[in-house]
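Peer 1: As a plain string of letters, each chain reads:
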Amino acid sequence: MKRNLKRSTQGWLEHERRGRDAEAEIELGRLFRALPMPKPSSDLARRTLARLAMDGRFANRPHWAYRWAVSAALAVSGLATVVFSPLLISIVGSRGGANWLVDTAAGLLATAVHRFATGYTLWGTLARVGGTAAEILATPQTLGLMLATVLFGMATFRVLLGLTALERSSNHA
Amino acid sequence: MSKRDNSRVTRALSGSQEAYQRLLEEYQRPVFSIIVRMVRDAGLAEDLTQETFLKAFRSLDSFDQSRKFSSWLFSIAHNTTIDHVRRKQLPTVSLDSAGDSEDGAGLAFLAVAPDASPEEALTHHDLAAALERALAGLRPEYAEVLVLRFQQEMSYEEISGVTGLVLGTVKTHIYRARKELAAALESAGWDPGAHAGSRR
Chain A
248 MKRNLKRSTQ GWLEHERRGR DAEAEIELGR LFRALPMPKP SSDLARRTLA RLAMDGRFAN
308 RPHWAYRWAV SAALAVSGLA TVVFSPLLIS IVGSRGGANW LVDTAAGLLA TAVHRFATGY
368 TLWGTLARVG GTAAEILATP QTLGLMLATV LFGMATFRVL LGLTALERSS NHA
Chain B
46 MSKRDNSRVT RALSGSQEAY QRLLEEYQRP VFSIIVRMVR DAGLAEDLTQ ETFLKAFRSL
106 DSFDQSRKFS SWLFSIAHNT TIDHVRRKQL PTVSLDSAGD SEDGAGLAFL AVAPDASPEE
166 ALTHHDLAAA LERALAGLRP EYAEVLVLRF QQEMSYEEIS GVTGLVLGTV KTHIYRARKE
226 LAAALESAGW DPGAHAGSRR
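Residue numbers (this note's numbering), protein chains in the order written: chain A, 248 to 420; chain B, 46 to 245.
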């Protein structure tokens, strides 16, 4: 195509000189198509996309990603149903049929509710004890009283040790 | 409008960055090609190309998808560039200086086929450069209609839709542009008749 550039130019100019408009247009078209198309710098697209991103024009995640995630989840669910259904049915059948399944499910549900209720009650009691202790300890007066009690206990213990030592020395004597 | 463009526009409207990117990659070169021939400054043409795409993408929801996307985009490029030309009153570039910018960016795209002989490569480059200079010497609206008609291969009706000119004016512009381009090339020594063989 590049080699035809000169020929196209001369052909076009010849047609123009002779006033052959239709031929001139065809030849000029060939000439333009043989010309390299001007090219912008390689980062123009990146810069433009960055400006668009600042406008918030892009969704946080492309829709196709959600579609793929949902499709994959459905496919896995379907596969699991197909694979495990016969297995589940055979287990249920070997254990005594639908009654066993209902009894087991009801038992599991009752156990779960009971454990939840027990745990909730215990958690509530502990929470109340902890809350009360925290409220008491949170005042300066209580803290001072506790410190005084500890110091008094230490002093009493020391006096008691002194008395004990005095009594032992008098006994030895 | 092509199904591919239609799909990309729909996906772009739903926020797909990839769809915007594809539209940009597809049309940045044709848009830049039109604008740079009108303003004759590669840096300015890049700015106006970016402005064109930003305007187009920001008003994408108003785009009538029964139209050709390229025609709609080119009309935005046309309006953006004409607004700029009118604001700045771009001077006419002389044929000798057109494309001879300091960094040579004006004609930097005149690549030569790797299999061309040195003589062919020289002729090709000289001729392409002469054509670009001749194009740069035309009025911006003449250069634009030539590019739309002969590089983008648009019909007169499509060019009328892009430029907002009536059909008769489009035909007149193209005719006069052709004649001026031919005269410019002949005066540069590419005359097939009297001066044949005077250039390589």
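Simulated from the structure, these hints should not be mistaken for laboratory data. Treat the numbers as computed from the prediction; the structure is a model and nothing was measured. Treat the hints with care, since some could be wrong.
[To be verified] Simulated pairs of lysine-lysine, BS3-like, Cα-Cα distance not exceeding 25 Å:
no., chain 1, residue 1, chain 2, residue 2
1, B, K100, B, K133
2, B, K133, B, K113
3, A, K286, A, K253
4, A, K286, B, K133
5, B, K48, B, K133
6, B, K100, A, K253
7, B, K48, B, K113
8, B, K113, B, K216
9, B, K100, A, K286
10, B, K133, A, K253
Peer 1: A separate judgement is required for each hint: does it hold in the structure or not?
Peer 2: Going down the list of hints, with the structure as the test:
| no. | hint | in the structure |
| --- | --- | --- |
| 1 | B:K100 x B:K133 | holds (20 Å) |
| 2 | B:K133 x B:K113 | violated (30 Å) |
| 3 | A:K286 x A:K253 | holds (23 Å) |
| 4 | A:K286 x B:K133 | holds (24 Å) |
| 5 | B:K48 x B:K133 | violated (39 Å) |
| 6 | B:K100 x A:K253 | violated (39 Å) |
| 7 | B:K48 x B:K113 | holds (10 Å) |
| 8 | B:K113 x B:K216 | holds (21 Å) |
| 9 | B:K100 x A:K286 | holds (20 Å) |
| 10 | B:K133 x A:K253 | violated (36 Å) |
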